[in-house]
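Number of protein chains: 2
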Amino acid sequence: MDTLNFEKSDDRLIPAIVQDYKSREVLMLAYINQEAWQKTLQTGKAHYWSRSRNKLWLKGESSGHVQIIHAIFVDCDQDTVIYQVEQLGDAACHKGYRSCFFRKVVDGRFETVGELVFDPEKVYGK
Amino acid sequence: MDTLNFEKSDDRLIPAIVQDYKSREVLMLAYINQEAWQKTLQTGKAHYWSRSRNKLWLKGESSGHVQIIHAIFVDCDQDTVIYQVEQLGDAACHKGYRSCFFRKVVDGRFETVGELVFDPEKVYGK
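If you read the protein sequences in the order shown, they are chains A and B.
Residue 27 in my numbering is what sits at position 27 of the first sequence, and the numbering runs on without skipping anything.
Residue 41 in my numbering is what sits at position 41 of the second sequence, and the numbering runs on without skipping anything.
One thing to keep in mind: the hints can contain errors.
Which copy? The list can't say, so a pair holds if one copy fits it or any two copies do.
[Said to hold, decoys possible] Subject to a maximum C-alpha distance of 25 angstroms in a straight line, what follows is the list of computed DSS-like cross-link-like pairs (lysine-lysine):
1. K22 x K55
2. K22 x K122
3. K104 x K39
4. K55 x K8
5. K22 x K104
What the hints contain is simulated information worked out from the structure, not anything from laboratory work.
The structure displayed is predicted, hence computed values, not measured ones.
When you get a sec, could you build the whole thing from the sequences and use the hints?
Spelled out as structure tokens, the structure:
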């Protein structure tokens, strides 16, 4: 069993880049610790560590928009991973966009260019 | 001018996901601070903050493998960006691979699957 390097940052978290397994679109970035990493490998569903709620987070646990793991890649320093996933519900962003990266930088301003897939109020409530 | 949220982490760094502007392959992940962000916008070449050397880093300054910015995307929390780049020299990884993510997780082990583009000893010396 090869291991990731969680010791590099004080909070023992490393970033996971989440990419659509077919289109290669980057959907989001979240953080994992050892527990989230193990849960992801064991279940085949993307788990993260929520920095805001300070707890293990199965992506999709409230929205149903689970991410099914198709492949995982590790970088040269073992301190970043890519999860290539099938995004259920077609949207990764809690704001209802397919990708969290729904804004493009144009002349220093952030312009919305992404695709809105669902109404967050209907999925998460108010 | 819209702004990124550098205050979220203690070190005032946020991750930049680097993606090939044509194939959408993820090439690497590095960190930026306000200075690296401004330099990138001003020059059109990817700049980062090197955590190991603790200094501003023009990617390619020693290898010549500069990254020409084609587009930049910002996430919902303004604490992660995507640089879509043209990678000069065809390799982003200092180990000579096209992508830093040259290993795939297979049954818990990291197997090399990526394409080796150059010999690091020839590019960086020993």
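Here is how each hint holds up against the structure:
1. K22 x K55: Intra 30 angstroms, inter 37 angstroms, cutoff 25 angstroms: neither.
2. K22 x K122: neither (28 angstroms within a copy, 35 angstroms between copies)
3. K104 x K39: between (33 angstroms within a copy, 18 angstroms between copies)
4. K55 x K8: both (20 angstroms within a copy, 17 angstroms between copies)
5. K22 x K104: both (22 angstroms within a copy, 16 angstroms between copies)
Hint check: violations occur at hints 1, 2; the rest are consistent with the structure.
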